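> All chains, full assembly: derive it from the sequences and hints.
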Amino acid sequence: MTTTAHLNSASLDVDAIRADFPILSRAVRNGRPLAYLDSGATSQKPRQVLDAEREFYERHNSAAHRGTHLLGEEATEVYEGARERIAAFLGATPGEIVFTKNATEAINLVAYAMTGSVGPGDEILITEMEHHANLVPWQQLCQRTGATLRWFKVTPDGRLDTDPSPITERTKLVALTHQSNVTGVIPPVAEIARLAHEAGAVVLADGAQSVPHQPVDVATLGADFLAFSGHKMLGPYGIGVLYGKRALLESLPPFLTGGSMIEVVRMEETTFLPPPQRFEPGVPPVAQAAGLAAAAGYLSGLGMANVAAHEESLTAHALDALREIPGVRILGPDTTSGRGGSVAFEVHGIHPHDVGQVLDELGVAARTGHHCAWPLHRALGVQASTRATFYVYNTHAEVDALADAVRYAKKFFGV
Amino acid sequence: MTTTAHLNSASLDVDAIRADFPILSRAVRNGRPLAYLDSGATSQKPRQVLDAEREFYERHNSAAHRGTHLLGEEATEVYEGARERIAAFLGATPGEIVFTKNATEAINLVAYAMTGSVGPGDEILITEMEHHANLVPWQQLCQRTGATLRWFKVTPDGRLDTDPSPITERTKLVALTHQSNVTGVIPPVAEIARLAHEAGAVVLADGAQSVPHQPVDVATLGADFLAFSGHKMLGPYGIGVLYGKRALLESLPPFLTGGSMIEVVRMEETTFLPPPQRFEPGVPPVAQAAGLAAAAGYLSGLGMANVAAHEESLTAHALDALREIPGVRILGPDTTSGRGGSVAFEVHGIHPHDVGQVLDELGVAARTGHHCAWPLHRALGVQASTRATFYVYNTHAEVDALADAVRYAKKFFGV
Amino acid sequence: MQLESMYQEIILDHYRNPHHKGLREPFDAEVHHVNPVCGDEVTLRVALKDTGGEPVVEDVSYDSLGCSISQASASVMSDLVIGKPVSEAMTVGDAFVSLMRSNAAPDAAPPDEDVLEDAMAFAGVAKYPARIKCALLAWMAWKDATARAMEGDHD
Amino acid sequence: MQLESMYQEIILDHYRNPHHKGLREPFDAEVHHVNPVCGDEVTLRVALKDTGGEPVVEDVSYDSLGCSISQASASVMSDLVIGKPVSEAMTVGDAFVSLMRSNAAPDAAPPDEDVLEDAMAFAGVAKYPARIKCALLAWMAWKDATARAMEGDHD
Ligand SMILES: Cc1ncc(COP(=O)(O)O)c(C=O)c1O
Ligand SMILES: Cc1ncc(COP(=O)(O)O)c(C=O)c1O
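Protein chains in written order, with my numbering: chain A, 1 to 415; chain B, 416 to 830; chain C, 831 to 985; chain D, 986 to 1140.
Please note that the accuracy of each hint is not assured.
[Stated by the list, open to error] Below, a list of computed lysine-lysine pairs in the BS3-like style, where the Cα atoms sit at most 25 Å apart: (1) D/Lys1118 with D/Lys1128; (2) C/Lys957 with C/Lys973; (3) C/Lys957 with B/Lys825; (4) C/Lys851 with C/Lys879; (5) D/Lys1128 with D/Lys1034; (6) D/Lys1069 with D/Lys1128; (7) D/Lys1112 with A/Lys410; (8) B/Lys825 with C/Lys879; (9) C/Lys851 with C/Lys963; (10) C/Lys963 with C/Lys879; (11) C/Lys914 with C/Lys879; (12) D/Lys1069 with D/Lys1112; (13) D/Lys1112 with D/Lys1128; (14) B/Lys826 with C/Lys957; (15) D/Lys1034 with A/Lys410; (16) D/Lys1069 with D/Lys1006; (17) C/Lys973 with C/Lys963; (18) D/Lys1069 with A/Lys411.
No wet-lab data here; the hints were simulated from the structure. Just so you know, these numbers come straight off a predicted model, no measurement behind them.
As structure tokens, this is what we get:
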């Protein structure tokens, strides 16, 4: 057992929290207790969220924005109430919140809607540390329009290399992660947004890994767009969010088209509603919106600053515990400064798949591979890595179980 | 009370079915029992579906196709198992089933992916009876590419006007509904598909209102693509399906891009996986897939032929009951031949909103407006209508309640 | 039954015999508004009279398709604003918007009955969110048309 | 613990001392395959010998990056196919695919141990769906390269 000085994260009552997540008391392989260290892929959901979904289905289910009947009214209230709740969670106004199916769709929405606004000579600027979801859509935008894709590189320790800045007057959009899903690095989004705005570019922040894990206020953040997924923040699958500054949302043409986003439809021509409806065709996923609102409520109840502090404490513990194992190399910064709770590492002489197999056998659910950030792995000189990610329900004992399992893997493979 | 000869639909045990849907025993305005006649907008969900979702969240939740750990494996099994179940439900193979968020996204996927395949001189052929979800995406495709939008008109009784056929050698795609969400009309998709294929065009059928309500086998249907939503077939929100013939799916470039649909990603260039993964970026909505599979299982348990027979019996009853009320005009065919369970009507001298208000007051949840089929309403010479739609849990007594409420509305407004 | 609270006699009267309906000349601005959910539409014209000081609403004429609530509301609206100075008419409009929001925002100041007159009959509509748009359609069109007419003044 | 059932000694031996590794000349076809989930890759070359009748696998050489399972599988595969007539080698490949599917399709015919020889050691991998792709990577590359080499023959 590793013992470290970081066991005193008093910010959250983790025992009480764990009681809200039935899956955490599940036994996995060999009857071992589950140590779920893969919340970066998807978080577990508390019963409050599952109850909110079920309550909607069993009491109020109906198509929002469509029915003139009581159930339709109630569904509309739940849906728009969820929008208000998410707006408040981010310091935005409800008219700036578009519900999508996930972060991926949110980013694609902006990339497609900008098709008419960029062309040859224009530049789209991303970073080498992006998740594929904030990379491939921009490659595709450039392919469609003839614009050029450029990127910030990363430093050897995984930080964003901002000097010299690649922002020029040709830059039309800067898309960057607000927290790396591999190294946990938190790039200086506000500072980059300031420079981008001076150059006349708009800024999209990928908040898939930040909104669930740290207090995010859109005014402070400085980005024009912010995309994230419900399922990574204790919410259900099937719902994500695109925040966009009102004036920008108004300037964008629709992306997905269909019912409930139109003003007048004729065979020859259609006119569209203002945002957010313009971007939400189809019968709305009200149950998921209710679940997401409950998730935001749950997180607000804990306090996002406490969530971040708890994760920082687990991260410090993990960095310390892994660092002292010979042959383990942490990808990216190995202190908690300027980074969140994602710890990726390689174990010299053991392929991540094999590390992961041993972890799994011992009940530790971590992730192995390139974590949808292949260029970042290439930049850091590794093919793949093992990654542990933390959330409100994780314990220091689980961090110890991780370190113990890594040690066991070394023994097993004789390295 | 209306009494008719159609009370003997022995095909389903409706009492037993209703017991699976807790919402149906809810009281609505004035303490009245709910008569939910708005399943065309969204269906209610049986507890089997809600249980399947919850069971996944509470026991197996994890990111499918990503984890090397046990939960990830289980999630992948549930997700791919759902794909197999849906394939079997349609007589397709799993590799032909793409999960989307709804029918709207499924149709947009094809419309966007075809952007590179059509241009000026090419024609996209739709019909005047389409839901906006199968109309606006094609308008937009034509706008992007310079192709021309053409359409089948409807006859005065709401049938598809197929003579003369507007299919020519310029037709690249025919997109048409497999069941109108207003009149219930079932156009001759197989016949049109045959003509379209002869002309070298591909065919997309909008199955949003057919797959939930009648046996659909893709081989018999003859269409190359079929789109539908889970939430209209007893399933959850947040999941829909695009069926596509394997060779056609393989020929299409990706639409939404991001994680889990790539082969190799470099900053300069990305290559993509084969279908269906190519079209499913992001962490998959496994809970919803589990719910949809349970819904398909529930429907298969009832037997889709029995479902159709039950709805036909309710439709016949509704047509008879409404027809005998003076001043009521049924939109579209007023017999059950070649049509499904959607009955839209106008009441002379009362605006549909006002009809709907009276219905709602009496506990009858129907829909009013243009039902996202504005051009069809224009073609039938009405601005809007009141619509009742039926499903497995509806009863003949509810049809009577509808007719009674219409009569009451006439009395109330003195017409 | 709450139907009677929504469909007050005043509303049904205006619905059956709408005042000021039909498009008339002369006018300073014309607008066309639509309720996308149901397809209800109104074409509305405003004629302002230049009185030296503040302009006065000389005429409001309209053509519309829609439900009892939207028709009656257009009729009541034209009754209320015709003849009033623009700013005073706008005050009535604002009061009507507050009335429609009174259910969603119960803590706001109660609507001014003296200002609203017959329009108070629409209080019952505020309880049905789906119908509020019906009641507001003509008012929004009138505000829009008046704003345009005023802009025209300064050209 | 089931780790030992997956990581049999044979597998770990091949992993630590892979046979036939390294790219060699001459060759008739070269392919590059990738496992998109983890980025494992293999570049693989096949040289066939024309024996008048059926071609024989003369050499298989490869360069690869990957986990123990994928590395050991490449090593065992090359041992098994080199020197065999193509059709016989394909039979071994098919048997290996069946072995990998044995957990998902328990009712299928059991894999032929005589054909699979050392490759039977991978039986434990079949229980872990996420790892089956690792074990198959080299086999798929070899099949692909062989098919291309045969096509080349007919040019
Ligand atoms: C015929 C038809 N097509 C498409 C749709 C769109 O379905 P969704 O909103 O679930 O995408 C609907 C339902 O609204 C429909 O009735
Ligand atoms: C940084 C980052 N961006 C985007 C995504 C995409 O999220 P989703 O798959 O929910 O759309 C993820 C998660 O996979 C992520 O970690």
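> Please write out, lowest number first, the hints stated earlier that are contradicted by the structure.
8, 10, 12, 15 and 18
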